[in-house]
Every structure is written in C-alpha cells, then in structure tokens.
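Novice: Using the sequences plus the hints, can you model the full thing?
Residues 936 to 1001 in my numbering are what the sequence shown spells out, letter by letter.
Don't take every hint at face value.
Derived DEER-like restraints, expressed as beta-carbon distance ranges [claimed, not checked]: (1) Val989 - Arg962: 17 to 23 Å; (2) Thr969 - Thr998: 16 to 22 Å; (3) Met936 - Glu964: 24 to 30 Å; (4) Asp943 - Ala988: 17 to 23 Å; (5) Val989 - Asp943: 16 to 22 Å; (6) Gln961 - Val997: 14 to 20 Å; (7) Lys937 - Ala992: 17 to 23 Å; (8) Asp943 - Glu978: 27 to 33 Å; (9) Asp941 - Glu964: 26 to 32 Å; (10) Gly966 - Thr939: 17 to 23 Å; (11) Glu964 - Arg984: 27 to 33 Å.
The list that follows gives simulated cross-link-like pairs (lysine to aspartate or glutamate, DMTMM-like), each with its CA atoms no further than 25 Å apart [said to hold, decoys possible]: (12) Lys944 - Asp960; (13) Lys937 - Glu974; (14) Lys937 - Glu957; (15) Lys944 - Glu957; (16) Lys937 - Glu985; (17) Lys944 - Asp963; (18) Lys944 - Glu985; (19) Lys937 - Asp960; (20) Lys944 - Glu964; (21) Lys944 - Asp965; (22) Lys937 - Glu978; (23) Lys944 - Glu974.
Just so you know, the hints here were simulated from the structure itself, not pulled from any lab data. Just so you know, even glycine gets a beta-carbon here, dropped at the ideal spot from N, CA and C.
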Amino acid sequence: MKLTVDQDKCCGAGACVLSAPEVFDQRDEDGIVTLLTSEPAPEQHAAVREAAAVCPAAAIHVTGAD
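Specialist: Right, dumping it as structure tokens:
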C-alpha cells in the first residue's frame, strides 16, 4: 500500500488522525494533514482505508492492494 495526500484539498477536519494516528498527523499552524509514513505496515491498512473513506475532502489517496 502506498499513500499520498493532497494538502491543497485538505480541510483540516482531522478524521484521518482519529482513524490512523500512527500514519497521519496535522500541521500545528493550520491543521492540514501530513503523512508520518507513505507506506504503512500491513496491520495499519484497515485503519488507513477507513481514514481515506471518512475524509470529507477526499484528500487521501491509497494505491496498491493488500
């Protein structure tokens, strides 16, 4: 699995951080998403897919199969 985020689309809702805090963080100054890793471990895949699904701005892009 490979992740990318579109920081221009991100609205700073923080749903990704709640779903997968070991993979996503937010910038302190504006709440925009940052990636802690672009290739999460297999045990994190379900949480990452959940984060992408609940992102209100569709700013998280997941590629690759489990």
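Novice: If a hint holds in the structure, say so; if it does not, say that too.
Specialist: Hint check:
no., hint, result
1, Val989 - Arg962: 17 to 23 Å, "holds (19 Å)"
2, Thr969 - Thr998: 16 to 22 Å, "holds (19 Å)"
3, Met936 - Glu964: 24 to 30 Å, "holds (29 Å)"
4, Asp943 - Ala988: 17 to 23 Å, "holds (20 Å)"
5, Val989 - Asp943: 16 to 22 Å, "holds (19 Å)"
6, Gln961 - Val997: 14 to 20 Å, "holds (19 Å)"
7, Lys937 - Ala992: 17 to 23 Å, "holds (20 Å)"
8, Asp943 - Glu978: 27 to 33 Å, "holds (30 Å)"
9, Asp941 - Glu964: 26 to 32 Å, "violated (18 Å)"
10, Gly966 - Thr939: 17 to 23 Å, "holds (19 Å)"
11, Glu964 - Arg984: 27 to 33 Å, "holds (28 Å)"
12, Lys944 - Asp960, "holds (15 Å)"
13, Lys937 - Glu974, "holds (5 Å)"
14, Lys937 - Glu957, "holds (15 Å)"
15, Lys944 - Glu957, "holds (21 Å)"
16, Lys937 - Glu985, "holds (15 Å)"
17, Lys944 - Asp963, "holds (17 Å)"
18, Lys944 - Glu985, "holds (18 Å)"
19, Lys937 - Asp960, "holds (16 Å)"
20, Lys944 - Glu964, "holds (16 Å)"
21, Lys944 - Asp965, "holds (13 Å)"
22, Lys937 - Glu978, "holds (14 Å)"
23, Lys944 - Glu974, "holds (21 Å)"
Hint compliance for this structure: hint 9 alone is broken.
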